[in-house]
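J.: Each chain is listed here by its residues.
Number of protein chains: 2
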Amino acid sequence: MSFDAVGKRIPRVEGPEKVTGAAQYVADLKLPGMLVGKVLRSPYPHARILRIDTSKAAGVPGVKAVITAEDTPKIRWGAFIKDLYPLAVGKVRYVGDEVAAVAATTEDAAREALGLIEVEYEPLPAILIPQDAVKEGAILIHDDIPGNLVLDKLIHRGDVDEGFRQADVVVEGNFKSPLQYHAWIEPIGSIARWSPTGKLLLYMNTQTLFMARQRIAYALGIGIGDVRIIQPHVGAGFGGKSCDDNNAIVCSLLAKRAGRPVKLINAREDEFLASRPRVPSNIFMRLGFTRDGHVIAKETDVLNDNGAYSAKAPATTRVTALRHDIMYRHVNVRTRVRLAYTNNIPTGAFRGFGNPAGHWAVESLMDMAAVELGIDPAELRLINGVERGDVTVHGNIVRSCALKECVRRAVDLSDWNRKKADKVPHRGIGLATMVHVSGRRHFGDFDGASAIVKVNEDGKVFIMSGEGDTGQGAFTVFCQIAAEELGVPVSDVSISAGDTDMTTFCQGNYASRLTYIGGNAVRRAAAACKRQILEQAAQMLMASPEALRIKDGKVYIEGSPEKFVTVGQAAWARLYRRGGEPIVGFGAFDPPSEMQDQDLVGNESGAYTFGCQIAEVEVDPETGKVDVVNFVAVNDAGQVINPTLAEGQQEGALGQGIGWSLTEGLVFEDGQPMNPNFHEYKLPVAQDMPRLKTDFVGDPEPTGPFGAKGLGEPGMVPTGPAIANAVFDAVGVRIDTLPLSAEKVYRALQAKAQRKRSRAKGG
Amino acid sequence: MSFDAVGKRIPRVEGPEKVTGAAQYVADLKLPGMLVGKVLRSPYPHARILRIDTSKAAGVPGVKAVITAEDTPKIRWGAFIKDLYPLAVGKVRYVGDEVAAVAATTEDAAREALGLIEVEYEPLPAILIPQDAVKEGAILIHDDIPGNLVLDKLIHRGDVDEGFRQADVVVEGNFKSPLQYHAWIEPIGSIARWSPTGKLLLYMNTQTLFMARQRIAYALGIGIGDVRIIQPHVGAGFGGKSCDDNNAIVCSLLAKRAGRPVKLINAREDEFLASRPRVPSNIFMRLGFTRDGHVIAKETDVLNDNGAYSAKAPATTRVTALRHDIMYRHVNVRTRVRLAYTNNIPTGAFRGFGNPAGHWAVESLMDMAAVELGIDPAELRLINGVERGDVTVHGNIVRSCALKECVRRAVDLSDWNRKKADKVPHRGIGLATMVHVSGRRHFGDFDGASAIVKVNEDGKVFIMSGEGDTGQGAFTVFCQIAAEELGVPVSDVSISAGDTDMTTFCQGNYASRLTYIGGNAVRRAAAACKRQILEQAAQMLMASPEALRIKDGKVYIEGSPEKFVTVGQAAWARLYRRGGEPIVGFGAFDPPSEMQDQDLVGNESGAYTFGCQIAEVEVDPETGKVDVVNFVAVNDAGQVINPTLAEGQQEGALGQGIGWSLTEGLVFEDGQPMNPNFHEYKLPVAQDMPRLKTDFVGDPEPTGPFGAKGLGEPGMVPTGPAIANAVFDAVGVRIDTLPLSAEKVYRALQAKAQRKRSRAKGG
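From first to last, the protein sequence lines are chains G and C. For the first sequence, position 720 matches number 720 in my numbering, and the numbering has no gaps at all. For the second sequence, position 673 matches number 673 in my numbering, and the numbering has no gaps at all.
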């Protein structure tokens with residue numbers, strides 16, 4: 001297909017605002033009379049609150065509100081399980097739990113007041129690992145959740161035991177991955193203002209405006225229509241700004257109490273303590289293969305750490321357990337999936353939504369199996385990979401799929417065969433593949449979006465979308481989609497900020513759904529406008545609407561482009577006439593997916609994406625330090641709408657993937673975070689980035705807008721195993737626990753040398 | 001008809017914001033880095049600009065921009081005639097003409113800089129009255145407008161000369177009315193901010209957002225889509241905030257030049273000098289009657305003062321000349337209408353849009369005729385008044401009309417017959433009737449509106465309307481209309497601010513069009529939502545949509561209200577389902593009116609309103625001071641949507657009507673305004689207000705929303721002649737020039753006494 005706007009390297013529409021500093025983020029906004037808010041957090045992982053005395057705090061000059069649970073409606077809320085109070089009631093359950101909050105005219109007064117709130121705690125025994133949480137007789141973190149289990153599910157497809165009996169080669173392992181903080185450039189924050197009639201206006205950097213509206217209204221005990229959320233520019237979300245934490249709710253409660261607007265912006269420490277980082281994962285997995293490399297049995301057992309309250313972890317943990325089953329042609333699958341409360345920070349969504357942890361296990365095992373089977377790892381994926389038209393054991397319908405093309409292209413781009421053949425000491429190359437979704441259905445059997453497009457009387461197009469943009473470029477992609485549908489230059493299209501009052505319902509930024517779902521809604525709204533333009537132009541050109549084409553903003557009879565009316569002329573004529581009206585189109589799209597049933601069967605997404613990554617590493621044998629020197633990432637995201645933005649997604653994702661794989665991970669001792677700051681929590685920096693080749697070999701998705709699928713998350717899904725497989729290729733050690741820190745690799749190398757010495761001695 | 005929301009005394013939806021001080025007007029808004037703007041105005045009514053030196057001004061610390069015409073695109077713009085530069089080019093044409101402007105970090109710096117701009121003028125002879133402007137050989141105010149005539153038209157229906165030949169009684173007179181300043185509580189103002197990509201954001205207190213967008217874009221030489229206008233709360237418009245003056249354009253030019261946001265708020269003096277006050281009018285009129293009181297000939301000759309630039313005066317002057325012809329069953333009408341440039345302040349739209357001036361003449365003459373004919377003035381209106389179904393000589397189609405009911409009700413409420421019979425010295429009672437429009441078609445053969453209504457997933461309704469509200473209560477009326485259409489409580493409905501990006505095209509607040517036209521658009525959008533609700537509820541209730549009713553937010557099968565689903569449940573179910581979507585409806589309405597043709601024939605409005613006012617006055621014979629002691633106003637506005645707001649419109653209009661009739665009027669000497677301040681420009685205050693009885697006897701308008709018509713302007717259309725007729729009834733003097741100041745009445749009483757003495761002496 002040939003496109004005019006789609007597939008083009010259009011600069012970001014909001015770029016100039018950002019690079020000139022004109023863009024306003026929530027922290028930049030000022031409302032008249034606005035106060036500064038601050039939150040007092042629990043210093044204990046588990047404790048009873050015996051007494052809170054806020055009187056001294058309230059006496060600090062400039063302090064306008066001090067609130068505790070007693071000042072709140074005490075409603076428990078949450079994305080899937082309603083277990084979280086805005087301010088702790090009776091007990092605190094993790095170090096960071098919100099206990100009280102203040103609003104004051106200055107930051108200093110707020111801080112001083114915070115220090116003067118007296119809280120008397122009775123410390124309780126804490127559960128710090130999920131394995132302890134599920135033990136018989138373990139103390140209960142929430143009285144109403146028996147066994148501390150948020151999720152406990154066993155599913156079985158085919159005959160797994162028989163599969164393993166028939167298997168010629170079986171590989172297995174325990175794979176762990178760490179708690180990763182989103183480390184966005186902009187912390188979570190909000191500004192709340194109540195109108196005299198009780199309507200709450202929130203400026204917040206949420207990535208899911210309408211879901212935030214629903215949850216905040218619920219937690220505050222008010223109606224959805226009583227909340228308006230406006231999204232300013234957002235400095236990234238990655239899943240962690242989807243309103244699972246208490247920031248906006250506490251901010252709203254403070255503003256209500258103070259009777260003035262309140263701004264509550266997380267400090268970095270608030271983020272490390274009380275945002276909703278990536279779920280730390282524990283997976284046992286076993287794969288059985290026939291001699292010729294076909295996988296015929298798979299067993300997975302996941303036990304994840306939910307933390308003290310349940311955000312998105314129940315959903316991400318299901319993904320950890322099952323998503324990867326879509327990638328290969330499995331028949332016999334048995335999966336146990338458990339998620340346990342602990343007295344750790346509540347965990348949630350982070351780019352990949354549990355999928356990187358699952359891939360960490362399966363793609364490590366695939367590599368191990370390749371070694372055992374003597375089959376090239378790339379070849380092993382080609383033997384087992386799904387193809388267009390497949391329906392998986394869990395009911396996933398694969399309408400488009402270029403998994404194998406991704407593998408082949410990655411092999412080419414990485415010079416895989418030559419590098420596998422010409423081994424260089426301490427250098428290795430590793431491959432991993434991935435499957436991901438474009439949207440996922442798990443909120444009330446709806447995963448849709450809607451949009452309004454209007455064409456001004458001068459032909460300029462304006463999109464009103466509630467999806468918002470968190471910096472990934474969704475606005476630009478939507479403008480391109482509308483431009484393509486309408487046949488106008490992208491420069492003639494602009495788009496609104498997200499605003500729950502002024503736009504129509506959208507689920508928001510998660511699950512790589514925006515291009516595919518939000519884009520389809522925009523396309524449909526644009527198509528509705530196009531029909532109106534054609535109807536009008538048809539009268540002007542004395543032709544039937546069906547005979548017309550629009551290109552470069554001109555409407556003409558197909559084949560006769562020299563005689564035309566512009567879109568602007570048609571829009572003007574449609575408005576300024578007897579019975580006239582502006583050109584306005586509404587569009588909605590809910591993908592052809594379905595809710596998983598009780599047995600977790602169901603086509604969770606309308607479109608699946610695939611990819612292959614190949615990492616080339618160099619391991620320092622003296623220190624164990626892993627350097628990723630070359631990296632190839634090939635994705636099947638269907639038709640790519642904007643290659644520059646798509647590459648940007650892969651580049652950013654790779655940074656996060658490398659961090660998760662090599663250096664990151666929040667570490668706790670006795671429930672206390674040991675590295676809640678950027679000094680000790682090691683993010684990769686520019687010098688840690690490899691040379692990257694990225695490419696897209698999309699199979700156009702029939703249900704996608706112009707064939708597009710999602711691509712926000714996939715870029716880090718297979719990164720961990722690709723690097724680990726390369727480390728194994730380099731130095732022959734296989735590490736099952738991310739991150740692959742220098743220390744771990746060093747110890748593994750020492751152990752390997754020790755074994756070698758022992759064997760040498762023994763032999 | 002029985003209604004649930006319509007016709008109810010619902011408190012204004014934006015009232016709590018306003019009375020608590022939370023409402024933000026444009027002067028309240030602050031943008032980061034915002035500067036203060038100020039304008040340098042011409043001190044001469046007519047002069048050539050020889051030289052402008054801004055160098056000293058630019059050197060004032062804090063000054064960020066000083067601009068003259070040389071810094072502008074020099075594009076002439078205007079509502080009907082493009083004759084106005086944002087900053088004067090070459091010549092100034094009135095005292096107040098914009099010459100230069102500055103933007104500075106402080107008000108003081110801006111003021112200081114203004115004083116340092118050196119302008120060398122060569123004064124030119126000035127034309128100060130329209131009679132001089134149209135004289136043979138008069139100097140030209142605009143080189144390209146020959147004869148200084150903006151408008152010169154002669155129209156003729158029937159045979160007027162024959163009509164006057166057959167007339168038994170002929171009355172005639174010259175009727176003048178003054179230049180009236182809107183005297184709103186909030187002056188004109190704007191804040192302009194340019195984005196790095198060249199998009200202009202304007203916060204401005206305009207009453208016509210989309211027309212302002214079009215004009216400002218034109219004047220700045222940019223696209224319509226490059227301008228976004230947001231309407232904050234507005235402290236009234238009355239026609240004078242419909243973007244006919246340079247405020248927002250100069251503000252935008254300053255912001256562009258400074259590269260920072262600029263706020264430009266008129267001082268009161270700016271308003272008196274350079275807003276667009278009511279056109280001062282000169283009308284000669286003659287009416288011929290048969291002995292039994294039928295009017296059979298009418299001649300009108302209007303010569304109005306346009307001022308130096310042409311805003312809305314061409315349109316209001318046509319109204320002055322012709323609108324009143326709709327009120328009586330005229331056959332023979334001859335009208336000459338002229339509008340001349342002068343070197344006075346440009347004049348424009350003010351409540352009634354030229355219609356009060358026309359009524360001033362015709363309703364004075366009707367009273368004079370009643371005396372001559374010996375027919376009661378009320379009876380004379382009943383003899384001649386139009387009725388439902390009439391089509392006038394100008395093609396006006398009267399679909400609904402309760403003119404005669406208004407007269408009868410006003411007669412009852414005022415105790416007219418008794419008061420006419422029992423004459424009290426120096427007390428008098430006078431009556432006048434009126435006709436007005438609900439919207440008027442004069443912009444590109446379109447007078448429509450559009451709106452989007454959405455129903456949140458909790459059933460709360462939100463209206464996105466671009467009409468805006470200038471304080472008259474349009475938002476409340478729209479909420480009532482949507483509530484009535486949808487069958488939900490008004491408290492479940494809220495509405496957006498006006499915003500040209502986020503709402504769809506509307507013509508805005510003028511010509512009493514909002515309830516009738518904007519209301520119809522809202523109703524249609526709500527009806528579209530209702531269809532979606534019924535469709536969904538039908539599935540839930542297992543019934544056909546046609547069988548359902550909605551009341552109090554509940555949907556049920558007609559006749560079985562006990563079994564229901566709520567609108568919220570239906571909205572939730574429609575969204576959260578496979579293929580779901582939110583409830584969103586678009587509606588547009590363009591009334592069944594037509595543009596007047598070259599001969600000014602055409603049904604200018606979709607619906608006409610009628611009214612009768614009766615004033616009772618007491619005249620102080622010592623001073624001539626007129627006190628209006630009792631007042632009755634009865635209006636036919638069709639079905640009244642909100643009686644409280646309707647009464648408020650009548651009350652406010654009466655204040656302005658009394659001011660125009662008795663005390664107001666901007667006075668000039670040699671082109672210089674003599675009373676440009678509230679000390680010398682006398683507004684009526686609370687103690688000047690009479691006891692008012694107001695009532696509505698609406699004939700439901702078949703094309704109106706629930707039968708409604710407009711009622712914003714009518715309340716002051718017949719006030720002047722009602723009072724003047726009462727003065728005549730009180731003391732026997734007839735004054736033809738408004739205002740009826742104590743001085744004028746005193747002099748007339750003196751002259752009358754002199755005549756009496758002369759007659760007594762002579763006799």
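One thing to keep in mind: the hints can contain errors.
Pairs count within a copy or across copies, as identical chains cannot be separated in the list.
Claimed, not checked - Think about it this way: if two alpha-carbon atoms lie no more than 30 Å apart in a straight line, the pair counts; the simulated DSBU-like pairs of lysine-lysine are:
1) K551 with K744
2) K153 with K752
3) K551 with K199
4) K74 with K91
Honestly, the hints are just simulated from the structure, not real lab data. All figures in this text were calculated on a predicted structure; none of them were measured in a lab.
J.: For every hint, state whether the structure bears it out.
T.: Here is what the structure says about each hint:
For a Cα distance limit of 30 Å, the shortest separation of K551 from K744 qualifies neither inside one copy, at 59 Å, nor across copies, at 69 Å. Proximity of K153 to K752 under the C-alpha cut-off of 30 Å is found in neither arrangement, the shortest distances being 37 Å within a copy and 104 Å between copies. With identical chains, the CA atoms of K551 and K199 are at most 30 Å apart between copies only, with a shortest distance of 24 Å across copies and 45 Å within one. Proximity of K74 to K91 under the C-alpha cut-off of 30 Å is restricted to the intra-copy arrangement: shortest distance 13 Å within a copy versus 70 Å between copies.
Against the hints set out earlier in the document, violations occur for numbers 1 and 2.
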